[in-house]
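Participant: Which chain is which? The protein sequence lines are C and Y, in order. Quick note, the first sequence lines up with residues 1 to 550 if you use my numbering. Quick note, the second sequence lines up with residues 1 to 283 if you use my numbering.
Treat the hints as calculated values from the structure; they're not laboratory data. Mixed in with the good hints there might be a few duds.
Straight-line distance between alpha carbons at most 20 Å, and here's what the computed SDA-like set of lysine to any residue pairs gives [claimed, not checked]:
id, chain 1, residue 1, chain 2, residue 2
1, C, Lys-15, Y, Tyr-18
2, C, Lys-378, Y, Glu-185
3, C, Lys-346, Y, Gly-184
4, C, Lys-354, Y, Thr-178
5, C, Lys-378, Y, Ala-188
6, C, Lys-378, Y, Val-182
7, C, Lys-354, Y, Ala-188
8, C, Lys-378, Y, Arg-201
9, C, Lys-443, Y, Gly-184
10, C, Lys-378, Y, Thr-178
11, C, Lys-354, Y, Val-182
12, C, Lys-378, Y, Asn-198
13, C, Lys-528, Y, Gly-225
14, C, Lys-378, C, Ser-425
15, C, Lys-378, Y, Gly-192
16, C, Lys-15, Y, Ser-17
17, C, Lys-354, Y, Ser-186
18, C, Lys-378, Y, Val-169
19, C, Lys-354, Y, Gly-184
20, C, Lys-528, Y, Glu-185
21, C, Lys-75, C, Asp-173
22, C, Lys-354, Y, Glu-185
23, C, Lys-378, Y, Asn-172
24, C, Lys-75, C, Gly-35
25, C, Lys-443, Y, Val-182
26, C, Lys-378, Y, Ser-193
27, C, Lys-378, Y, Val-203
28, C, Lys-378, Y, Tyr-18
29, C, Lys-378, Y, Leu-196
30, C, Lys-346, Y, Val-182
31, C, Lys-378, Y, Ile-200
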Amino acid sequence: MSNLVEVTNLRIEAKTDAGRLVEIIKGVSFDIADGEIVALIGESGSGKTTVALSLMGYARPGCRITGGEINVNGKNMAVLSERERARLRGTDIAYVPQSAAASFNPSSTIMEQVIEVTRIHKLMPPEQARRRAVELFRALSLPDPEGIGARYPHQVSGGQLQRLSAAMALIGDPKLVIFDEPTTALDVTTQIDVLKAFKSAMRAGRIAGVYVSHDLAVVAQIADRIVVLKGGEVQEAGTTTAILSAAQHPYTRELLAAFEPKPRQVHADAGAGTKQLLRIDNITAGYGAVRDGLPLIRAVDAVSLVVEKGRNLGIIGESGCGKSTLARVIAGIHPAAAGDIVFDGKELQRSAGKRSQDQLREMQIVFQYADTALNPAKPVEDIISRPLAFYHRLDRRARSKRVDELLDMVRLPRGLRYRHPSELSGGQKQRVNFARALAANPKLIICDEITSALDTVVAAAVIELLKELQRELGLSYIFISHDLSVVEAICDEIMVMYNGKRVEQITPDKLTAPTHPYSQLLFSSVPKLDPTWLDGLVRDPELVSRYGHR
Amino acid sequence: MSVARATPPRRYFLGHSYSLVGVVAALVILAWTLVAILAPYLIPHSIGDIVDDDYFGPMRQGLWLGSDYLGRDMLSRVLMGARYTVGISLAAVSIACFSGVVLGMIAAVTGGWLDTCLSRFLDAMNSIPSKLFGLVVVAAVGSSIPVLILTLAVIYIPGAYRFARALAVNVNTMDFITVARVRGESTAYLIGSEILPNIIRPVLADFGLRFVFIVLLLSGLSFLGLGLQPPLADWGALVRENIGGLPFAAPAVIVPSLAIASLTISVNLLIDNLPQKIRDRDA
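Using the sequences plus the hints, can you model the full thing?
Facilitator: Take a look at the structure:
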């Protein structure tokens with residue numbers, strides 16, 4: 001046996017509600033050599049996580065491994081007994097989950113959880129395990145490696161927790177580590193630290209890895225080879241450089257194309273951008289006790305902005321910078337404590353409850369998670385037609401006709417109107433979410449991270465759709481995101497927020513030369529498709545310590 | 001993976017899957033409901049007539065369930081008892097659940113002082129022991145069917161309120177509620193159209209459970225002599241008036257007990273085995 005992992009013709013079946021069997025993995029084969037990191041990449045539902053979990057001989061509830069061989073270190077995981085598999089998990093094969101925050105037990109210390117593997121498998125005495133853990137903490141460049149183990153999970157940041165879960169995986173000296181989208185939930189500036197730590201720890205220990213992700217740029221930094229999955233089948237496999245430079249399969253090309261920044265649309269009518277649609281002056285809003293008329297914790301601190309008719313404003317910043325609160329303040333969901341909002345020439349009340357119906361209609365907000373933004377108990381038709389009945393008082397026939405038009409507008413098949421949200425894919429849900437906002441005939445749509453929960457390809461399609469609709473309907477967008485490439489693709493102006501304050505406002509053509517140091521750090525942290533980018537990246541340590549959430 | 005989950009056998013019909021237990025339970029409930037509606041046409045004897053020479057008579061031809069402590073026909077009394085037990089309980093549980101659920105959803109959506117006042121007031125109501133409350137009310141205003149219904153309803157409103165409010169508070173934090181709010185929707189639309197469809201299944205399960213509690217409480221009150229007054233009798237009253245037959249193993253005391261048990265257990269089993277809609281994406 002030459003390779004550490006040899007998967008041949010793997011088949012996995014799942015059972016549906018009605019008892020029907022569906023094949024979700026249709027004969028996947030790939031190898032992993034010693035010390036090699038292989039990335040499994042594909043959109044959600046492509047089976048990448050299912051394949052990764054099968055390397056531990058594990059199939060999620062309702063799923064069953066029905067055929068093929070999974071040889072890991074000379075043992076066929078598919079046929080081992082559960083007891084034998086349990087012996088290998090943690091020692092030969094380890095797993096780093098997507099959400100470290102959800103995978104740690106909040107009621108015991110980090111050290112106890114990190115060395116638990118050595119206790120279960122009786123690998124070494126606790127004293128030695130603690131020393132080994134501290135070494136790993138240092139190798140993963142965690143701050144205060146001696147003391148961090150004594151803390152509880154809620155006392156460290158998300159990026160640190162993700163590295164701690166890697167320490168937990170590495171302590172049993174595994175030959176293979178499975179990373180399941182470990183940086184997807186992190187901010188870009190944090191993601192870099194975590195990626196760097198993973199990469200050096202894996203290199204140092206000559207450990208093989210499987211890296212599951214849908215982000216091609218992240219994968220390019222860490223993987224030696226890439227396996228592209230779609231619909232439970234391998235579409236293409238090859239070395240990272242080969243895939244990135246000379247992709248053969250159309251799907252891989254599509255993935256790569258989604259990464260290319262689209263040429264920005266240029267507004268032909270320069271005169272249209274002269275009229276102000278929305279202006280906010282010195283808005284302050286926050287949470288907690290109110291003192292001197294201002295809240296104690298200020299999520300948004302004296303922010304001003306202007307949106308012109310038919311133009312788009314992007315708001316970018318890391319989680320916790322107050323960008324979502326700003327969106328809620330503008331929409332009146334979270335009334336501001338101070339400041340003025342002027343919309344279409346008229347002063348707006350701070351609270352949505354006090355605004356007129358027309359004012360509410362003209363400004364719509366679209367939320368990040370279409371799952372929670374659509375009522376799961378209602379069919380698509382009812383969801384979209386409610387604003388039609390509420391704002392425009394259309395009768396049943398007119399509503400039905402308009403729903404068809406709106407579905408056409410967001411490029412969804414008309415037959416979808418009878419479905420419930422749970423029967424739609426993520427991208428379809430987000431389109432329905434958007435169609436509901438369009439149904440009101442708004443002038444301004446506030447998009448709060450609407451592409452963050454979507455796959456790269458789907459997100460690119462949604463952005464294209466937004467651009468088209470803007471051309472047709474003359475809308476303005478406020479586009480809130482932590483993803484620079486998304487904002488860059490659609491916005492005429494970009495506002496950078498940090499810690500509740502407006503840091504800088506720039507236009508996309510000047511992106512390469514931001515003047516504020518925080519913008520510089522943020523923009524330089526966005527991964528590039530170039531595999532050498534991470535190794536070559538030099539960041540000003542003073543900047544990182546000032547603005548990075550370490 | 002190798003862990004087999006024990007699930008009851010399910011059948012598929014009209015896009016729903018049913019379990020056998022649920023179907024049987026539903027049939028029992030249906031049977032009792034029909035009996036309650038048609039009782040006057042089903043009874044072989046009038047419930048007041050003394051038809052047996054002996055009291056606590058055994059089961060025999062003509063008196064299929066024996067006779068009671070006055071020699072009246074037990075079958076007729078149980079069939080008519082179904083009317084009162086099912087009717088009063090259903091009326092009471094409907095009032096309790098309707099007001100409790102509506103108040104609960106309003107409290108969750110509105111929040112603020114209304115929520116606080118309602119919650120504290122109903123918590124206070126909840127702290128009064130139910131039997132004691134029933135006792136006091138009946139002692140104060142006397143026992144009649146409307147009084148019984150209202151008393152039972154009032155006793156179970158706080159529970160229904162708490163339950164609905166807890167469910168509605170969770171739904172209320174969802175983005176689609178926020179979207180509806182910024183659209184400018186009224187509270188009535190929010191609770192009726194956005195929240196209720198999302199909590200209706202647990203609310204129905206709670207309805208069934210509360211029905212069972214009310215049947216038991218009504219039977220308890222009647223057993224204590226505070227429920228329906230003679231010659232009318234619900235099942236609880238039947239148990240009580242025939243308790244003297246216990247040493248004789250008279251069917252008169254067993255049958256109404258079995259009737260209470262069959263109804264309450266069936267309701268319980270039904271709500272545990274409601275038909276499930278199959279939502280199969282590719283089907």
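Participant: Take the hints in turn and mark each one as holding or not.
Facilitator: Hint check:
1. Straight-line distance between C-alpha atoms of Lys-15 (chain C) and Tyr-18 (chain Y) comes to about 18 Å, which keeps the hinted pair within the 20 Å bound.
2. About 17 Å separates the Cα atoms of Lys-378 (chain C) and Glu-185 (chain Y), which keeps this hinted pair within 20 Å; it holds.
3. Proximity of Lys-346 (chain C) to Gly-184 (chain Y) is assessed by CA-CA distance (about 19 Å); at most 20 Å being required, the pair is judged to hold.
4. Of the pairs offered as hints, the one joining Lys-354 (chain C) and Thr-178 (chain Y) holds, with about 15 Å between alpha carbons and a cut-off of 20 Å not exceeded.
5. Between Lys-378 (chain C) and Ala-188 (chain Y), the direct Cα distance comes to roughly 17 Å. Compliance with the 20 Å bound is thereby established for this hinted pair.
6. Restraint check for Lys-378 (chain C) and Val-182 (chain Y): the C-alpha separation of about 19 Å stays at or below 20 Å, so the hint holds.
7. Only pairs whose Cα atoms come within 20 Å are accepted, and Lys-354 (chain C) paired with Ala-188 (chain Y) is accepted, the gap being roughly 18 Å.
8. The suggested pairing of Lys-378 (chain C) with Arg-201 (chain Y) holds, with an alpha-carbon distance near 14 Å, which does not exceed 20 Å.
9. A threshold of 20 Å between alpha carbons decides the hint, and for Lys-443 (chain C) with Gly-184 (chain Y) the separation of about 17 Å falls inside it, so the pair holds.
10. The straight-line distance between the Cα atoms of Lys-378 (chain C) and Thr-178 (chain Y) is roughly 16 Å, inside the 20 Å bound, and the hint therefore holds.
11. Only pairs whose Cα atoms come within 20 Å are accepted, and Lys-354 (chain C) paired with Val-182 (chain Y) is accepted, the gap being roughly 10 Å.
12. Of the pairs offered as hints, the one joining Lys-378 (chain C) and Asn-198 (chain Y) holds, with about 9 Å between alpha carbons and a cut-off of 20 Å not exceeded.
13. About 82 Å separates the Cα atoms of Lys-528 (chain C) and Gly-225 (chain Y), which puts this hinted pair outside 20 Å; it is violated.
14. Proposed proximity of Lys-378 (chain C) and Ser-425 (chain C) is supported: the alpha carbons are some 16 Å apart, at most 20 Å.
15. Between Lys-378 (chain C) and Gly-192 (chain Y), the direct Cα distance comes to roughly 12 Å. Compliance with the 20 Å bound is thereby established for this hinted pair.
16. Note on Lys-15 (chain C) and Ser-17 (chain Y): the hinted pairing holds, with a Cα-Cα distance of about 15 Å set against a maximum of 20 Å.
17. Taking the CA atoms of Lys-354 (chain C) and Ser-186 (chain Y), the gap is about 13 Å. The hint holds against a cut of 20 Å.
18. With a C-alpha separation of about 19 Å, the suggested pairing of Lys-378 (chain C) with Val-169 (chain Y) holds against the 20 Å cut-off.
19. Straight-line distance between C-alpha atoms of Lys-354 (chain C) and Gly-184 (chain Y) comes to about 9 Å, which keeps the hinted pair within the 20 Å bound.
20. A threshold of 20 Å between alpha carbons decides the hint, and for Lys-528 (chain C) with Glu-185 (chain Y) the separation of about 45 Å lies outside it, so the pair is violated.
21. With a CA separation close to 18 Å, the supplied pair Lys-75 (chain C) and Asp-173 (chain C) stays within the 20 Å bound.
22. The hinted pair formed by Lys-354 (chain C) and Glu-185 (chain Y) meets the criterion: a straight-line CA distance of about 12 Å does not exceed 20 Å.
23. Simply put, Lys-378 (chain C) and Asn-172 (chain Y) have alpha-carbon atoms about 16 Å apart, close enough for the 20 Å limit, and the pair holds.
24. Among the hinted pairs, Lys-75 (chain C) with Gly-35 (chain C) is consistent with the structure: their alpha-carbon atoms are about 18 Å apart, no more than 20 Å.
25. For the suggested pair Lys-443 (chain C) and Val-182 (chain Y), the alpha carbons sit about 15 Å apart, so the restraint of at most 20 Å is met.
26. In summary, the hint linking Lys-378 (chain C) to Ser-193 (chain Y) is supported, as the alpha carbons are separated by about 9 Å, within the 20 Å threshold.
27. This hinted pair checks out: Lys-378 (chain C) and Val-203 (chain Y) have alpha carbons roughly 18 Å apart, not beyond 20 Å.
28. As the CA atoms of Lys-378 (chain C) and Tyr-18 (chain Y) are separated by approximately 23 Å, the hinted pair breaks the 20 Å bound.
29. A C-alpha spacing of about 11 Å is found between Lys-378 (chain C) and Leu-196 (chain Y), which places the hinted pair at or below 20 Å, so the restraint holds.
30. Using a Cα cut-off of 20 Å, the hinted pair Lys-346 (chain C) and Val-182 (chain Y) holds, with the two alpha carbons roughly 18 Å apart.
31. Of the supplied pair hints, the one linking Lys-378 (chain C) and Ile-200 (chain Y) holds, its CA atoms being roughly 13 Å apart against a limit of 20 Å.
Checked against the numbered hints listed earlier, the structure breaks hints 13, 20 and 28; every other hint is satisfied.
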